[in-house]
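**Student:** Chains D and S, in that order, are what the protein sequence lines are. Just so we're on the same page, my numbering is the position in the first sequence counted from 1, plus 708. Just so we're on the same page, my numbering is the position in the second sequence counted from 1, plus 15.
Hint data in this document are derived by calculation from the structure and do not stem from the laboratory. Quick reminder that beta carbons are idealized off the backbone N, C-alpha and C, glycines included. Please note that a few of the clues may not be correct.
[Said to hold, decoys possible] Computed far set for chain D versus chain S, every beta-carbon distance over 10 Å:
| id | residue |
| --- | --- |
| 1 | T780 |
| 2 | N801 |
| 3 | P826 |
| 4 | T830 |
| 5 | L861 |
| 6 | G889 |
| 7 | R936 |
[What the hints assert, rightly or not] Restraint-style ranges between C-beta atoms, simulated for each label pair:
| id | chain 1 | residue 1 | chain 2 | residue 2 | range |
| --- | --- | --- | --- | --- | --- |
| 8 | S | D428 | D | E921 | 28 to 36 Å |
| 9 | D | H908 | S | F411 | 54 to 62 Å |
| 10 | D | D855 | S | F312 | 55 to 63 Å |
| 11 | D | T780 | S | T320 | 53 to 61 Å |
| 12 | S | G404 | D | A835 | 37 to 45 Å |
| 13 | D | T817 | S | A316 | 43 to 51 Å |
| 14 | D | A724 | S | F411 | 28 to 36 Å |
| 15 | S | P399 | D | G849 | 51 to 59 Å |
| 16 | S | G382 | D | G849 | 50 to 58 Å |
| 17 | D | E920 | S | F411 | 54 to 62 Å |
[What the hints assert, rightly or not] These stretches of chain D come out as covered by chain S in the derived footprint (C-beta under 8 Å, 3 or more residues):
| id | region |
| --- | --- |
| 18 | 764-775 |
| 19 | 862-872 |
| 20 | 915-921 |
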Amino acid sequence: MTPTDPSSVAVLVRCAGLGKDYVMGENVIHALRDVDVAIARGELVAIMGPSGSGKSTFMNLVGALDSPSTGTLTIAGRDIGRMGSDELSRLRNETLGFVFQQFMLLARTSAIDNVKLPLMYTRMDAAEKDRRARTALERVGLAERMDHTPAQLSGGQQQRVAIARALVNQPEMILADEPTGALDTVTAEEIMALLTELNHEGVTVMLVTHEEEIAAHARRIIRFRDGRIIADEAHEPEASRA
Amino acid sequence: MNAQADRPAAGVQLSASLGIALKAIRTNSVRSALTMLGIIIGIGAAIVAVSISQGAGQQLQEQIEAFGTHVLQVRPGSGFFGGRRQGAGTARPLTDRDVDAIAELGEFVEAASGRIQTAATLVSAGRNWPTTVQGVGADFAITQNRAVVEGRNFSDAEARRGATVAVVGQTVVNELFNGNDPVGARIRINRTPVTVIGVLEEIGASNFGQDQDDIVWMPLASVRSRISREAGSVPDNAGSVTIKVWDDLDVLEVQREIEDLLRLRRNIAPGADDDFVVFNFAEFIRARNETEALLGFLLAAFSATSLVVGGIGIMNIMLVSVTERTREIGLRRAVGARQRDVLTQFLVEATVLGLIGGILGMLVGVGGTYLAAALGEFPVLISPWTLAGAVGIAIFIAVFFGYYPARRASRLDPIEALRFE
Chain D
709 MTPTDPSSVA
719 VLVRCAGLGK
729 DYVMGENVIH
739 ALRDVDVAIA
749 RGELVAIMGP
759 SGSGKSTFMN
769 LVGALDSPST
779 GTLTIAGRDI
789 GRMGSDELSR
799 LRNETLGFVF
809 QQFMLLARTS
819 AIDNVKLPLM
829 YTRMDAAEKD
839 RRARTALERV
849 GLAERMDHTP
859 AQLSGGQQQR
869 VAIARALVNQ
879 PEMILADEPT
889 GALDTVTAEE
899 IMALLTELNH
909 EGVTVMLVTH
919 EEEIAAHARR
929 IIRFRDGRII
939 ADEAHEPEAS
949 RA
Chain S
16 MNAQADRPAA
26 GVQLSASLGI
36 ALKAIRTNSV
46 RSALTMLGII
56 IGIGAAIVAV
66 SISQGAGQQL
76 QEQIEAFGTH
86 VLQVRPGSGF
96 FGGRRQGAGT
106 ARPLTDRDVD
116 AIAELGEFVE
126 AASGRIQTAA
136 TLVSAGRNWP
146 TTVQGVGADF
156 AITQNRAVVE
166 GRNFSDAEAR
176 RGATVAVVGQ
186 TVVNELFNGN
196 DPVGARIRIN
206 RTPVTVIGVL
216 EEIGASNFGQ
226 DQDDIVWMPL
236 ASVRSRISRE
246 AGSVPDNAGS
256 VTIKVWDDLD
266 VLEVQREIED
276 LLRLRRNIAP
286 GADDDFVVFN
296 FAEFIRARNE
306 TEALLGFLLA
316 AFSATSLVVG
326 GIGIMNIMLV
336 SVTERTREIG
346 LRRAVGARQR
356 DVLTQFLVEA
366 TVLGLIGGIL
376 GMLVGVGGTY
386 LAAALGEFPV
396 LISPWTLAGA
406 VGIAIFIAVF
416 FGYYPARRAS
426 RLDPIEALRF
436 E
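Could you build all of it, start to finish, from the sequences and the hints given here?
**Tutor:** Here it is as structure tokens:
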């Protein structure tokens, strides 16, 4: 295990000269290059940029789903580039929580069983898994809907189940990829309010979006273009209801 | 934090995978059932094949034990009359002198006896019983490996002079003497007074369903002269000759010796056909069982083909399942499933398909075996090992053919999988 640098306990994600190349036939595509950025614990960061800007590649790297081609990426003090497949799985399981645009819930499966999915890959007794899943569902306001299947839930409720699933293993950071992309404006605001609340409770949130109204909830906006960061600015959140 | 300490134990992981597998199979129950059909048919056919061949093997063993592998029988062959063959037993009969000549081959032959057989009615104290009377030599008991359990057998001297004595089977004791000891009783057989001197060892029905205890043995000479109406044209007709070969000798070699002897005695020119037939029981039974062995082989080939087809079916459906659930696989990888967790999940699913298919195939196989036994009148033997082996093979096939799709699932790139439409 990489020792944590004592001078940077507050830093959760650190990128140094981070780059990612893809080989397409004879061409090498530099999806990401020379990214130097640090995200502190407790931040609410929005990642913005047009498609092909590198924001999705950045998200996949920070999500430990991919390995860097160049440079280093450390998450919670651990160097992603030096970790094996099983270690990356474990990091995703324990340290990260994912929220997707299309919710990605298992069909014909109750809300509580969907929330328990990450716990399937954790050693924990059944009662503790149940307790954690219930707590997570209560936290997102779905205490009354635990046995509903996705088909019996609205889009906003489904995304709440997905957020509960991301929370269930008490991660350090939630990675939300266009979390409101499939929702109407009112529901989108509710989901953003929930993510903001969770952030205030101490969970680091990284949000990928192309909508300025959604990014407006963040306290920091990082903009990508052509695989590079073109802007990294602090921001006063507009619609913080917490 | 220890690297692997708080990862799920294998057992927990397996039971969770089992739950997912059962759910996946239930969700696509029709598809799963069709997929299992190849396995079901293959396992069913395999069980029928093995049960028939084991039954045939067991019957062969029993028949060899019953007849003895070292027993030969000689019968007159087909005679000619005006260029037409007259059918079995129509050639010159075998005589008492032929029997004696064979018996004199002491280095090859332990015992030899003629045998003629006739239907006759036994009468005793107002009761009667129709049965089969066999006229045999004193050594016939040796060739049949059958003892006289009460009283005594007739001696060679009694046999040669045609004494009117009889040894009876247990069925005759029951029917004619009401189960009482018959030794010393005077009975009439086709009006000839006969003294019962012994009771034969009880051996039950033959493999062909004939009651072998419903029988009377008498000296051949007395049956020929007093009981049988078909005494024939030759006064010393010995009927067929049953020969017990010494156990440590090769039956086929002794058979050739006896054939040579009889050809010489019967003046058969070199190159001419024998006018007698030597039956070798072991060969006869083997020939009979070859038919069943062939049937078993064909069924085994069919079941092997069906199992391969079934395995390919499982591979196909697992590939479909992996494709359909690509996004689920991506999601599981994103929330922390390792490659081996995904591999386990799909292998368990294939195993469950194989297990259910194997159990259903077992039921089909047992039913099919009883059906074949009833329709084809085969002897069958269903052993628990056959059934356990069959289910084991079904699981092996499923895991073998399920491994490739499962590996493919485990190697999916999580990012690609999550994006899959």
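**Student:** Take the hints in turn and mark each one as holding or not.
**Tutor:** So, going through the hints one by one against the coordinates:
1. T780: Holds, because the least Cβ-Cβ distance between T780(D) and chain S comes to about 20 Å, which exceeds 10 Å.
2. N801: Incorrect as stated: the minimum Cβ-Cβ distance to chain S is 2 Å, not above 10 Å.
3. P826: At about 4 Å from chain S, P826(D) fails to clear the 10 Å cut-off, so the statement is violated.
4. T830: 7 Å, violated
5. L861: Fine: 17 Å to the nearest Cβ keeps L861(D) off the interface.
6. G889: It holds; G889(D) is separated from chain S by about 14 Å at its closest Cβ, greater than 10 Å.
7. R936: R936(D) is indeed farther than 10 Å from all Cβ atoms of chain S, at 21 Å.
8. D428(S) to E921(D): 28 to 36 Å: Hint holds: Cβ distance 33 Å, inside 28 to 36 Å.
9. H908(D) to F411(S): 54 to 62 Å: Holds - the Cβ-Cβ distance for H908(D) and F411(S), about 56 Å, lies within 54 to 62 Å.
10. D855(D) to F312(S): 55 to 63 Å: Holds, at about 56 Å.
11. T780(D) to T320(S): 53 to 61 Å: 57 Å, holds
12. G404(S) to A835(D): 37 to 45 Å: 41 Å, holds
13. T817(D) to A316(S): 43 to 51 Å: 44 Å, holds
14. A724(D) to F411(S): 28 to 36 Å: Once the Cβ atoms are compared, 51 Å apart, the range 28 to 36 Å for F411(S) and A724(D) is violated.
15. P399(S) to G849(D): 51 to 59 Å: 57 Å, holds
16. G382(S) to G849(D): 50 to 58 Å: 56 Å, holds
17. E920(D) to F411(S): 54 to 62 Å: Check passed, 59 Å falls within 54 to 62 Å.
18. 764-775: holds (count 4)
19. 862-872: Violated - the region 862-872 of chain D has 0 residues with a Cβ nearer than 8 Å to chain S, which falls short of three.
20. 915-921: violated (count 0)
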